[in-house]
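Here the structure of chain A is known, so what remains is to put chain B in place on it, guided by the hints.
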Amino acid sequence: MPVELDARPDSLVERLRRGEVSAVGACYDAHHGAILAFARRLLGDDDAAQDLVHDVFVELPRAIRSFEGHSTLRTWLVSVALNMARHHVRSAIRRRAAIERFGREPEAAAPQGPEGEASRRELGAALSRALDTLPLDQRATFVLCDVEERASPEVAVITGVPEATVRTRLFHARRKLREALSREGVR
Amino acid sequence: MSDDLLRRAADALREETDPDARDPAMDRALRRRVLATVAERQRLRARRLSLLLPIAAVFVASLAVAAATGAFPEAVDALRDVLGLGHEATLTPAWETAPRTTRGAPSAAPSPVHPAPGREVDPAPVAAVEPPPVPAPPAPAAIDPDPAQPLPRLPPDLPPTAPRATALRKPPSASSRPPMAPPPDAPAQPTEAASPTPQPSPPPAAPSPAPSSRPDSALALFREAQRLHHTERSWSRALVAWNAYLAAAPDGVLVPEARWSRAICLVRLGRKAEARAALEPFARGASGSYRQTEARELLDALDVGEH
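Taken in sequence, the protein lines are chains A and B.
Per the working numbering, numbering through the first sequence is continuous, rising by one, with the last residue being 187.
Per the working numbering, numbering through the second sequence is continuous, rising by one, with the last residue being 1307.
To be clear, the hints were calculated from the coordinates, so they are not data collected in a lab.
Just so it is clear, CB atoms sit at the ideal spot from N, CA and C, and this is done for glycine as well.
Among these hints, one or two may not hold up.
As the list claims (entries may be wrong) - Chain A is faced by these chain B residues, among others (derived, beta-carbon under 10 Å):
#1 Leu1006
#2 Ala1010
#3 Asp1011
#4 Leu1013
#5 Pro1019
#6 Arg1031
#7 Val1034
#8 Thr1037
What the hints assert, rightly or not - Some but not every residue of chain B turned toward chain A, in silico, with C-beta under 7 Å:
#9 Ala1009
#10 Ala1012
#11 Arg1014
#12 Glu1016
#13 Thr1017
#14 Leu1030
#15 Arg1033
#16 Leu1035
Okay, chain B solo, but in the shape it has when bound:
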């Protein structure tokens, strides 16, 4: 076998398939087929666009309206439900995980954001770290426990709102942080702590801000309270901040979460009577199943600690 034969074979193949020797009718038929397919594809693409563009426009407009009216967290929540995404896997801010009871839906299974009750509430530590009864009201400095101390009766991941999201989100700088301005009639912390028989005090009614700025300012208050609660872990200041938010937005969508966080602050501060009063509505199911189990177990733990 020589190269000559291979060369002759290649020449034969080249001449057999010479472009000039092709059938013009076949070329025309192939051309028609190609152009028809291209045109059909373009029609399909245009039809897809004509369907998808209005849907996208409606979606964007809905988001804009939701953001403008302050219903964005609910919209995100509803979208998550529609898409079948769990709340626990998201890194969204806690205010986006508004309690499901606001929509009357049952709460999801316990998640990292909402820790399992068995893991969350351990009666023994609660009793063990219960501060001894002291006759004199504690000084304000002692009211706000050092986060490094083992004082907290609850595991550090107890707080109800998304700690992962809070930790991942960069805390606002001092310059960009919205000013923390509790309402003038917000309860002062030393006064509350000094009260020998603290009454379950609902958040004080404060005069509502102007309607136009209310959602933004309330959200700023909520975020500030979250920061104090989860980042600084300053329970007394967080309590004041939660009270301020509840006063600013008494009918806000985040009120159940704020009330729950406020109750946690009271537990942390050792103000059992107020904590019990704050937890009881949750245990009764006033907010549906939101935090109901945890509230019951916390109440049991408080009782164990007392007896």
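Only chain A is shown next, with the shape it has when bound in the complex:
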């Protein structure tokens, strides 16, 4: 859905194009939560997610030149994060594989709660491991569609592919994830 690009000299986009550091700070305050959440869901690793968010906002003054206002600034930021995620996905997968190889799980961020909460955390962790078996495009499509519950037209804008491709990728991602979770014995 195209949106009007605010071309006022004092608009956030214009200030970003001028390379103002304060504009980067304002953009971070407004959007970093959504970008960090997407990065954590996509990468399954908090450290890698923070690195990705850092890279996105550091590159923002240069990348903003390609922002034409065809989507909201937040949607565009998610697409920038997705484009920059390839390297981070690989490092997150390596890190997770190393942790599993040494037989120790990363410490939980929150203290162990009731059984239902622990089960939910295990389910989320199992899904993150299963996501590692997917190629990045299917992984990102599943995260955007099923985890973040974005509509397929928006996912098509973020991933830069037609909606039909989004649906195809989602179909294959779900099938592979079901198989992976089944192999892990998750119920």
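Only chain B this time, still in chain A's reference frame:
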């Protein structure tokens, strides 16, 4: 495995990574890191600009001064040397490839612009196409050989200046071409050709034009001579044009190249004595190693043709 489990897993992952559940201290630390990196990058970029801009300004100013003082070909040549670019790979006009002897540097290896001596000078063709001695001086029409005829004693790529560049550059139109105005005391072609014992004649000394217009007019003369030499291949007219240039700019940077081209014209015209006289300074090394090998081989070829 049902879709329900996958949906529950997706819900679990979403709730685990809920943006509202993040650590504010971590957010602040990440924000500081981001802004510090952005500011550092901007500082680096500003520092790079502050270094590069003066260098660029000095470079542009130097080019402007070189163009204004007529030293542009030397500047381009020097820049090429600094950058390690060969002369042969460039499509620059021939006047930019001024002889290296002007700077005292040795000449480069033979190149397409400066053909290899073995390929360039073939004594046999020289002897074969040597016109038979005729008692009467040839008519002016016969002096200027038709380029289509096999008369030339040298392969067509002999001319010393860059034929590729000349061919690629569009010849100036008749309207835009600078007027070809040889000095009044420039030697007339029929007179030279009719001379039974032609003496090696240095370019006639002509009164120098006004100092302000001299570089431009001399360059125009040089270009016109190049056009006549390489494009029209009219050796007699090119000879007159080279003489005109040498008279207009006797101490110009392109004088060695003009003298060489003038010698080639004399060879083409069959005026051996004058050609020999024009080639000998090059063979002696008066211009350093510029065209020395080619001049020696041409002199040998002229000797073979005579004997």
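### Task
Against the structure, test the hints numbered earlier, and report the numbers of the ones violated in rising order.
none
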